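With chain A's structure known, arrange chain B on it following the hints.
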Amino acid sequence: MSAIEALYILDEHNKPTLEHVYTGHPPSASTLLPLYLAHPSPRSSLIYLPSTNPPTLLFSVLQDRLLFFSPCSVDTDPLFVLEFIHRVADALEEFLGSPLLASKIENSYDVVAQVLAEMCDGGSINTTEANVLRDVVETSTWMGKLLGGVGLPSSSPALNASSSAFALQKPSLPPTTLASGTAIPWRRSNVRHTSNELYVDIVETLSVTLAPSGRPLSAFANGSIAFTCKVSGVPELLLTLTTPSGRTGVERSMQLPVFHPCVRLARWREQPGTLSFVPPDGRFVLAGYEVDLLGDQPLTTSNKSKVPNLNLPATVSVQTGLGSYGADFEVRLNISTRFVGNSSGLSSSAMSSLSNNLNRPSASRAASGDAKTPVVENLVVSIPIPPTVRNISDLRPSKGEAHWDPGDGALEWRLAAKEVASVGSAGAVLRCTVVGPAGDEDVEDAAAAGMTNLRVDTYDYDESGAYQSSTPDTNTVTNGKIEKDVGRVKQNAVLMPTSATVSFSVKGWLPSGIKVDSLNLDIRKSKGLGEGVRPYKGVKYLTVSRGGVEARC
Amino acid sequence: MESISRISSMLETARDLTLEAARDAGSSRRSTSRQLTVPQIKKLLDSRNERDVLEGLRKVIALQYDPHSAIPTLPLFPFVLKTLSNTTSPTVRPLVSIYLQHHAPLDPDTALLSINSIQKLLSHNSPQTRASALKTLSGIRVPVISQIVSLAIKKACGDMSPIVRKAAALACVKCTRLDPGTQKEVEGYLVTLLGDKQYFVAGAAVMAFMQICPDRLDLVHKHYRSLVRKLVDMDDWGQLATLRLMAVYARKCFPRRTRRVKKADPSVNTASSTKGFYDDNEDEDQTGGPENLDQYEELEVPDPDLTLLLQNALPLLQSRNSAVVVGVACLYLYLSPATHLPHAVGPLIALLRGPQDIQQTALYNIVRVCLVYPMLFISYYRHFLFRSSEAPQIWRLKLELLTLIFPHSAKEVQNLILAELSHFAQGNEKGLVRESVRAIGRCAQNSDAKTAARCLALLMQQIHAVDSVLVAEAVSVIRQLIQRDPSAHERTVIRLAKNLDTLTSPQARASIVWLVGEFASSQAGDDVGIAADVLRILVKGYVDEKEEVRGQIVLLAAKIYLHHQNRGNRERKIEDEKFHKDLPKSLPISTMLSPAEEDGSGSRDSAFGPRNGTSSMAPAPASSDAITLLWTHISLLARYTPSYDLRDRTRLFRALLSVPSSTDLASLLLLAPKPVPQAPSPSESRQTLTLGSASLVVGEEGGVAGLMGYEGIPDWVKEGQEPDARLRDDSETAKAEYGSKAVVPAGKKLDDALAGDAVYGSKLDGKHPVKEKTLDDWLAEDETESEEKTDESEEEDEESEEDEETDESESDDAENGLMK
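Here the protein sequences come in this chain order: A and B.
Under this note's numbering, the residues of the first sequence are numbered 1 to 553, in order.
Under this note's numbering, the residues of the second sequence are numbered 1 to 820, in order.
So that you can see chain A by itself, here it is in the shape it has in the complex (with noise of 0.2 Å):
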């Protein structure tokens, strides 16, 4: 068993902003960070460094623009470093706000370095839930004295506040509340809030490749249940999910759950779909879990009629080798007419219906969330362009903007709110000519044409050796412009892309379906929470795509 050795956060322009030693004397961040630049992007999390002494496992992750590296100097469990460097990032975002940024630690280093040093204790990894570190890190500043000493009850912290650390002010404790504490090890004690709230918000990440058929592949919805916990006291809360065929049909599209300690598994197990909790105050992740889109149906290549109907959104297909020389390609985005709002201002009042909703108070909400029509936002088509493209010369969308970036090698394809709302049912397309390398044209005629006579003869391989049946008809050819056209055209499929991918995020709808259907707080069980408190309740769905829609072809 090893130790965290030391932890280093470097900005967005991989400067060190903080350097913190656990235990022994590993290399600094500024002799670490020319030997881990020296390895080709995308980096490895982990990076055997055999030329410093001793050789060092340098393990790092990089969020929100940070660079954090952790290095060890003996063999080490790699998901455990990781695994804590993540839980920092989440520690320092609940002190120092969201995003977090490197001007925010140079600004607050008294409250970082107490984060760090509770976390982890000269090496062993002490205490990593942010409630716990809110009771024992001092964070008050004069601002939060006042505030304390006037008794008005502050709110739960990191929630309304995005940037200061002054909200992190918390209620003064009596120090013999400590003992109780320990109770539940995720939650702060004496939690006092005004306005009791909770939200859960589910987000489901979208990861589909279609075949150019069109016919998924894959299909995978990565979802995770957020809650939002601004209750005073203890709560004691019981959520209940559902989907589309009822209650039964949880367990068998949310597969392989993971959860939040606080959640008790017995339960779920006896009823899937029911998760009761005494939840951490604030933000945290209840649970995750993925859903099959494609359900169990077997692979069956043969019955192309019967395609599962994915419901997706918006998808993408790519025809390529268009045009006399076969140097164009087109890219046609289709968005279902279920996305789409009837007018161009139509995607704000949803927006704003959404948040209206959010805020009332009923867990049924979720029923007539979608009522309003889900609308596709911030759609994105990514097209990868091979690196020998020397040009695209002529870049035609019916709709939106296109930009190609010869640095990064991909073609975007932005269309905007009011964009996508007129795209109707036929589709955006966006069509596109493809340059390659200079070069001696004639010579590479040549040797295209040749080997698209030769793939006359050869093609049909089979194994049964007859391979002198199909006797090569090169003199059929007899056009020659046609000749080197197919040669032409051959070239160019080498510049042709091989997938696209869609990149959306829809508010108020699920691609699994899931749905709250109701949460309930135990009056009962729960301690701490006032006479007659009924806390608003507020469910959010979202699906995001980070390129998670691929096409291939």
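Please keep in mind that the hints were generated in silico from the structure rather than gathered at the bench.
Since this is a predicted model, take the numbers as computed values, not measurements.
It is possible that some hints are incorrect.
Computed list of lysine to any residue pairs in SDA-like fashion (alpha-carbon distance at most 20 Å, straight line) [claimed, not checked]:
#1 A:Lys525 <-> A:Pro42
#2 B:Lys430 <-> A:Pro437
#3 B:Lys411 <-> A:Arg192
#4 B:Lys430 <-> A:Pro42
#5 A:Lys525 <-> A:Leu265
#6 B:Lys82 <-> B:Pro105
#7 B:Lys430 <-> A:Thr498
Per the computed footprint, the stretches of chain A lying under chain B, defined by three or more beta-carbons under 8 Å from a beta-carbon of chain B, are [claimed, not checked]:
#8 96-105
#9 512-521
Where a beta carbon is used, it is the ideal one built from N, C-alpha and C, also for glycine.
Same frame as chain A, now just chain B:
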């Protein structure tokens, strides 16, 4: 599980975040007005105002952490320490503690000044203060205080508050690091802490134990059962340490008890439902991993204590911490691969949902398990399909997983995998193309003949691609496939040879020429096959070839000539034996040569003749035969090649082949049977490394025995050498004294606390019999399981025998092929 910061970044609109980031970048980084001078800070620290002191300490900490700060913080040491005694506020303590721990090794004498005031805090009212005081004290890296620290730990071990006891456990590590001489006493404290009723104290104690004395397993016996029961309630890190400890403990303390099973009764058929298990086992035998040292006809009889561990680890598979999931998988892989490992497969796959760094490490672990038990992963093939946007580290591993499960998958899945591989083989990224083609090759070599033929057909199609990388890789993979089973691929060689007319990639051409020389030159005994003809065509273009192809052409010529000589020798022998019988045999090869070429080479040879003729003992008619002419022509061409290497090689071949009657040495050199090339899965070499170790991720780079500090899982202890099982009973009896409180999970405890005392008591009463009964249940389950397994292993017996038979017949075939 996704981290909350990633989720929240998705929930909040991207625009807000970027706006804030932009604003942040725009504003000046550190406002200069806030930079204070050293005297100013000193003044703040000396102030009577608590707020000023705090402000001063903040500045000091900021200076200490700021890597760009020019002000040294060490001179402030006495001023900082003074604040500890000057102010009563608890708020300054954590900051002073951080300062102290950082600067103590730099100025030990000053640091010692603080010891007294910290020791006072060790008996403070608040447990939080006591804990942090102990933490600070043990964090002062000044070796002389090791005895003070040790005493403080001793006192804290008996503290009422679990928070302090946890701090004591963590302080143990620092204490031994400070002064290794204290190890003995610290081990004593650890024993106390390992038996702590509070699960988080016990978890911390295990963490400390693993760092201080992981070999002292004798200390664990007493607490084994209580630790295993507390496993579920510990925090992630305690669980991780306990899992690691228990994997080693179980291997060293529970001998692998096996029971011999009687010979199978053929009338008993295994139920179809047990087919899955049966398949796994079969696989295990084939791959021969380090885990299955035992014979399969022997059946595991796990110790009840081991079963307790395995069962209690089960809920941890749904942990949000990926390290814990891998820890459980590791436990199951090494302790109970047959019965428990299948449970861990799904959760392992679930780790692929995490961020990329976790994903990559998880994939290494999955590959490690998949190498040994590919059957378990078949249903998850969709998770292994990768996308073009993924990083090379990720797709490389996913590609390997696809090829590992390929031989065991259903037909449809195989189709899908092959389609995937050929899609990526036609991609743009060179590395991906190469790996995909190799993967097709691996698919072919691990599956049956029919599938292999399909893979080969797929590869043959790639030969005509424009991409030279793809072509070269495809040909070399084809070459490996042919070498594995040359007799079945005679036609493939011919087909490949036909492509020589058009192929441009020198690597591919060289590979094909070599193949022709190896497998087509000696075809069917006396028949020269196509090799001579191929050579004749190649010779014409010799001048335009790249060097590697030229080398292969020369080699091909040498081989053909050698075969020709061997044939001649054989014929002469026959002639010698029965020389009355005249055999005017016309060589078929001569008909293939066009008259013009025959003339040309003939004339050249006549010019060259006298030189060769002097050393050669060949009979006069041989010099006119086509193959000899070709050989002399080639050797002449090679003689004037710019490359030294090639000229040397040719000289060697010429010397070898100069005496037609004695070709033994040449045959030995040129016609030696080549070893069959193996294309193992890229991670094959990592198969022996422990699951979840960094060595597994780093691989060969870290050295053969893993990285520094790498420790493998020990072998099973031999029967009879294990510690007495009754050692573990001690705590059981001791625990009865203070009740089974420690057994109650946190959740339950909470319920009980809420329900009130009366209910709590009644629940406890009902607890004991239930517990005991469950243990019986486990035993009962064991028996039923073992019965089932007898059947399985019996079946297996037969199957493996069959396998062996087929293997033998195959190897016979191979040998025969070589003989030919």
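Each hint tested on the structure:
{"no.": "1", "hint": "A:Lys525 <-> A:Pro42", "verdict": "violated (50 Å)"}
{"no.": "2", "hint": "B:Lys430 <-> A:Pro437", "verdict": "holds (17 Å)"}
{"no.": "3", "hint": "B:Lys411 <-> A:Arg192", "verdict": "violated (61 Å)"}
{"no.": "4", "hint": "B:Lys430 <-> A:Pro42", "verdict": "holds (16 Å)"}
{"no.": "5", "hint": "A:Lys525 <-> A:Leu265", "verdict": "holds (18 Å)"}
{"no.": "6", "hint": "B:Lys82 <-> B:Pro105", "verdict": "holds (18 Å)"}
{"no.": "7", "hint": "B:Lys430 <-> A:Thr498", "verdict": "holds (14 Å)"}
{"no.": "8", "hint": "96-105", "verdict": "holds (count 6)"}
{"no.": "9", "hint": "512-521", "verdict": "violated (count 0)"}
Hints 1, 3 and 9, counting from the list given before, are not met by this structure.
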